[in-house]
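**Student:** Between the sequences and the hints, there should be enough to build the whole structure, so can you do that?
2 protein chains.
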Amino acid sequence: MALIVKKFGGSSVANAERVFNVANIIIDDYKKGNDVVTVVSAQGDTTDDLIEKALEINPNGPSKREMDMLLSAGEQISCSLLAMAIESLGYPVVSLLGWQAGFQTNSTYSMARIKKVDPERINMELSKKNIVIVAGFQGLNKYDDITTLGRGGSDTSAVAIAATLKADRCQIYTDVDGVYTADPRLVSNAKKLKAITYNEMLELASLGAQVLNNRSVEMAKKYNVELEVLSSLERKEGTIVKEVTSMEKMLIRGVTKDDKVARISVIGLSDTPGVAFKLFNQLASKKINVDIILQSVGRNGTKDITFTVAMDNCTEAVATIEEMKTILNYSDIKSDLNVSKVSIVGAGMESHPGIASKMFEALFDKNINIQMIATSETKISVLIDAEDSERAVKAIHEKLIG
Amino acid sequence: MALIVKKFGGSSVANAERVFNVANIIIDDYKKGNDVVTVVSAQGDTTDDLIEKALEINPNGPSKREMDMLLSAGEQISCSLLAMAIESLGYPVVSLLGWQAGFQTNSTYSMARIKKVDPERINMELSKKNIVIVAGFQGLNKYDDITTLGRGGSDTSAVAIAATLKADRCQIYTDVDGVYTADPRLVSNAKKLKAITYNEMLELASLGAQVLNNRSVEMAKKYNVELEVLSSLERKEGTIVKEVTSMEKMLIRGVTKDDKVARISVIGLSDTPGVAFKLFNQLASKKINVDIILQSVGRNGTKDITFTVAMDNCTEAVATIEEMKTILNYSDIKSDLNVSKVSIVGAGMESHPGIASKMFEALFDKNINIQMIATSETKISVLIDAEDSERAVKAIHEKLIG
Numbered sequence: 001m002a003l004i005v006k007k008f009g010g011s012s013v014a015n016a017e018r019v020f021n022v023a024n025i026i027i028d029d030y031k032k033g034n035d036v037v038t039v040v041s042a043q044g045d046t047t048d049d050l051i052e053k054a055l056e057i058n059p060n061g062p063s064k065r066e067m068d069m070l071l072s073a074g075e076q077i078s079c080s081l082l083a084m085a086i087e088s089l090g091y092p093v094v095s096l097l098g099w100q101a102g103f104q105t106n107s108t109y110s111m112a113r114i115k116k117v118d119p120e121r122i123n124m125e126l127s128k129k130n131i132v133i134v135a136g137f138q139g140l141n142k143y144d145d146i147t148t149l150g151r152g153g154s155d156t157s158a159v160a161i162a163a164t165l166k167a168d169r170c171q172i173y174t175d176v177d178g179v180y181t182a183d184p185r186l187v188s189n190a191k192k193l194k195a196i197t198y199n200e201m202l203e204l205a206s207l208g209a210q211v212l213n214n215r216s217v218e219m220a221k222k223y224n225v226e227l228e229v230l231s232s233l234e235r236k237e238g239t240i241v242k243e244v245t246s247m248e249k250m251l252i253r254g255v256t257k258d259d260k261v262a263r264i265s266v267i268g269l270s271d272t273p274g275v276a277f278k279l280f281n282q283l284a285s286k287k288i289n290v291d292i293i294l295q296s297v298g299r300n301g302t303k304d305i306t307f308t309v310a311m312d313n314c315t316e317a318v319a320t321i322e323e324m325k326t327i328l329n330y331s332d333i334k335s336d337l338n339v340s341k342v343s344i345v346g347a348g349m350e351s352h353p354g355i356a357s358k359m360f361e362a363l364f365d366k367n368i369n370i371q372m373i374a375t376s377e378t379k380i381s382v383l384i385d386a387e388d389s390e391r392a393v394k395a396i397h398e399k400l401i402g
Numbered sequence: 001m002a003l004i005v006k007k008f009g010g011s012s013v014a015n016a017e018r019v020f021n022v023a024n025i026i027i028d029d030y031k032k033g034n035d036v037v038t039v040v041s042a043q044g045d046t047t048d049d050l051i052e053k054a055l056e057i058n059p060n061g062p063s064k065r066e067m068d069m070l071l072s073a074g075e076q077i078s079c080s081l082l083a084m085a086i087e088s089l090g091y092p093v094v095s096l097l098g099w100q101a102g103f104q105t106n107s108t109y110s111m112a113r114i115k116k117v118d119p120e121r122i123n124m125e126l127s128k129k130n131i132v133i134v135a136g137f138q139g140l141n142k143y144d145d146i147t148t149l150g151r152g153g154s155d156t157s158a159v160a161i162a163a164t165l166k167a168d169r170c171q172i173y174t175d176v177d178g179v180y181t182a183d184p185r186l187v188s189n190a191k192k193l194k195a196i197t198y199n200e201m202l203e204l205a206s207l208g209a210q211v212l213n214n215r216s217v218e219m220a221k222k223y224n225v226e227l228e229v230l231s232s233l234e235r236k237e238g239t240i241v242k243e244v245t246s247m248e249k250m251l252i253r254g255v256t257k258d259d260k261v262a263r264i265s266v267i268g269l270s271d272t273p274g275v276a277f278k279l280f281n282q283l284a285s286k287k288i289n290v291d292i293i294l295q296s297v298g299r300n301g302t303k304d305i306t307f308t309v310a311m312d313n314c315t316e317a318v319a320t321i322e323e324m325k326t327i328l329n330y331s332d333i334k335s336d337l338n339v340s341k342v343s344i345v346g347a348g349m350e351s352h353p354g355i356a357s358k359m360f361e362a363l364f365d366k367n368i369n370i371q372m373i374a375t376s377e378t379k380i381s382v383l384i385d386a387e388d389s390e391r392a393v394k395a396i397h398e399k400l401i402g
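Chains as they are written, first to last, in the numbering used here: chain A, 1 to 402; chain B, 1 to 402.
Worth flagging that the hints you see were computed from the coordinates, not collected in a lab.
One should not assume that every hint holds.
List of simulated lysine-lysine pairs, DSSO-like, C-alpha gap at most 30 Å [what the hints assert, rightly or not]:
1) B/Lys128 / A/Lys142
2) A/Lys128 / B/Lys142
3) A/Lys116 / B/Lys142
4) A/Lys142 / B/Lys166
5) B/Lys64 / A/Lys31
6) B/Lys242 / B/Lys31
7) B/Lys142 / A/Lys142
8) A/Lys129 / B/Lys53
9) A/Lys64 / B/Lys32
10) A/Lys142 / B/Lys115
11) A/Lys366 / A/Lys394
12) B/Lys129 / B/Lys236
13) B/Lys64 / A/Lys129
Remember, predicted model here, so these are calculated numbers, not experimental data.
**Tutor:** Right, here's the structure in full:
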């Protein structure tokens, strides 16, 4: 007998048929004598429909406190419907809202952090042999007001419950059946990984492989919760995410691309100390994250700094630097949205220098120009023209994974 | 400065335009320096849509506990949207769910009774000069599970808050502008009443005038909460419901009809003591309410008993009596759904015997046959053919009210 936490996303419960599919997955594990707690997101487009209703009332965006009150109704609907499906199949079940399930958060509406999960109610229901369905994505702050955890928050809800209850497994069901070495829609012979470490998963997630929410992986790592990513539509093993994976031949875990980046170049900066500090400090104060940074060698007393930011932040980043014109005393500023970041991820790549050169060779073979390079313990990223990104992923995957 | 409780039904907040209409009504009272607490029902067809979703999952009807979990999402959506409209107009506002507003109920899911309203949170918000929006129809039981108060429960929510806070006024906004002497769609010169007593309102409500939920009137009477029934679409005075109304010339408060009744006749019962007791006791044990009762004079050692029940209960009532065939030893049982109950309501009618005869005269003039008659302190009801009911209401209204 094990304690299993499951999480199903909105598309997995989008209609009555899919709700019953999920109900049967849960019942199969319950029938084997397991305790099962399931976290569920809002059905299909419910959240988007509610956002639309809110923007119809206030196109400038309502307060986040009221927005959380509104959006949390979505998971309330899906968790009660899933419970109804299970009870109609003859199994004991109870649905719980975030606050009933003990989710205590801080008061950052729309992006609340979980402070604690009080397990009393869930444990009480499990002791009565009830299947427990929990509304994901939501909690309660110290004022007794409803908060939400931000998009993808249901993954975090599931991991938080698994950590609190010391669950044996935390299964995240999605519309893909695991983590692949590349997007299967892009690379036809992408391979499904049996296992991957938390760090590798974090690199993959932040690089654009939208399988697991990053906060949930961070929390799983912190509390050592073993995750499984698997399909809600097919009954087969998924990908395990854990601290250490057994040595596998394949060193590279995946090839990813991120098209939502922009490159900014500040040209003709005076080649004096503190220039880079002032520039990036100011961007940080505006909460603009900078990714790859390239600084030219000083020449004639000036230098250039080029860096990448998320595409959404490009306009604000450029405006911020323009405000600093007199302080930084540069000659020109350029930005380019037609770029893409292509990366390979795998633990311990630094000790295998051959991998980087193979990656560059794959790009050279296809005549793809590399604009910038960044490396870390677990990844190598290159910035290239956006129009080359799909060809690049395919070429690198073929050369390094096959 | 006064403390005003308002309640708006689902049609009053059915879309964004109407939500803003309601927001402006609230703001108008707030701007005058009043404290305003507003109870709101689910938007338009939301509740019906949610019921449909539930029946798609389980056509036999889900458990009431899960049904309450599901349906309470409807008021959660409408109360946050109304708050968003008010904040977008620049006024301080907070939405509260039933449990946040302090509604404690018993555990009769889908028909919960309010045990207590803890006013702490609402008072705290009012002291901060916030407009308070409360999700109607819902509360929390001692297990911390969500309950609903049954259809029309938002009226009861409003009266309960008004009673707890000792509000100066409790305004129930509907799609009609007050209580009329007859259904204005039926009787073109029906008159709007300025005031009506609780007892008269209760008679009108139970007789088919669907303006106010009966439980809410009973609660208003018990706690002496002065109600006003008024229109959310037109800004004009409605009808006041209170303990004592000033003497008005018009004795009759209204003429109503109820088409959802059935007549059942049990024929050839033995004319011995205890027969009626056994019959009605058994019906009561099945929670079937019996309304008008007519017992024939005994003849040849047998008698007939005829009575009316709500149309929905007719099949079960007949089945119940058929099960008692050997006990009651009757010869035949007949039921008729094509009947209608037409009533006149007014306090102290008993001391004005002329009124009954005028009512019967009006029916005689139109050649309408009276099947049964029932009288009480505040009403006179007749059972007639369903096809005659509209003509009957018009004729009686013309004769007694004009």
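**Student:** Does each hint hold? Answer for all of them.
**Tutor:** Outcome of the hint check:
1. B/Lys128 / A/Lys142: Holds, at roughly 18 Å.
2. A/Lys128 / B/Lys142: holds (18 Å)
3. A/Lys116 / B/Lys142: Since the Cα atoms of A/Lys116 and B/Lys142 sit roughly 23 Å apart, the hinted pair holds (cutoff 30 Å).
4. A/Lys142 / B/Lys166: With a Cα-Cα distance of about 28 Å, the restraint between A/Lys142 and B/Lys166 holds, given a limit of 30 Å.
5. B/Lys64 / A/Lys31: Distance ~25 Å between B/Lys64 and A/Lys31 Cα, so the pair holds.
6. B/Lys242 / B/Lys31: It holds: about 27 Å lies between the C-alpha atoms, which stays within 30 Å.
7. B/Lys142 / A/Lys142: holds (21 Å)
8. A/Lys129 / B/Lys53: holds (27 Å)
9. A/Lys64 / B/Lys32: Holds, because 28 Å separates the two Cα atoms, which is no more than 30 Å.
10. A/Lys142 / B/Lys115: Given pair A/Lys142, B/Lys115 holds - Cα atoms ~25 Å apart, limit 30 Å.
11. A/Lys366 / A/Lys394: Since the Cα atoms of A/Lys366 and A/Lys394 sit roughly 10 Å apart, the hinted pair holds (cutoff 30 Å).
12. B/Lys129 / B/Lys236: holds (26 Å)
13. B/Lys64 / A/Lys129: holds (20 Å)
Every hint, counting from the list given before, is met by this structure.
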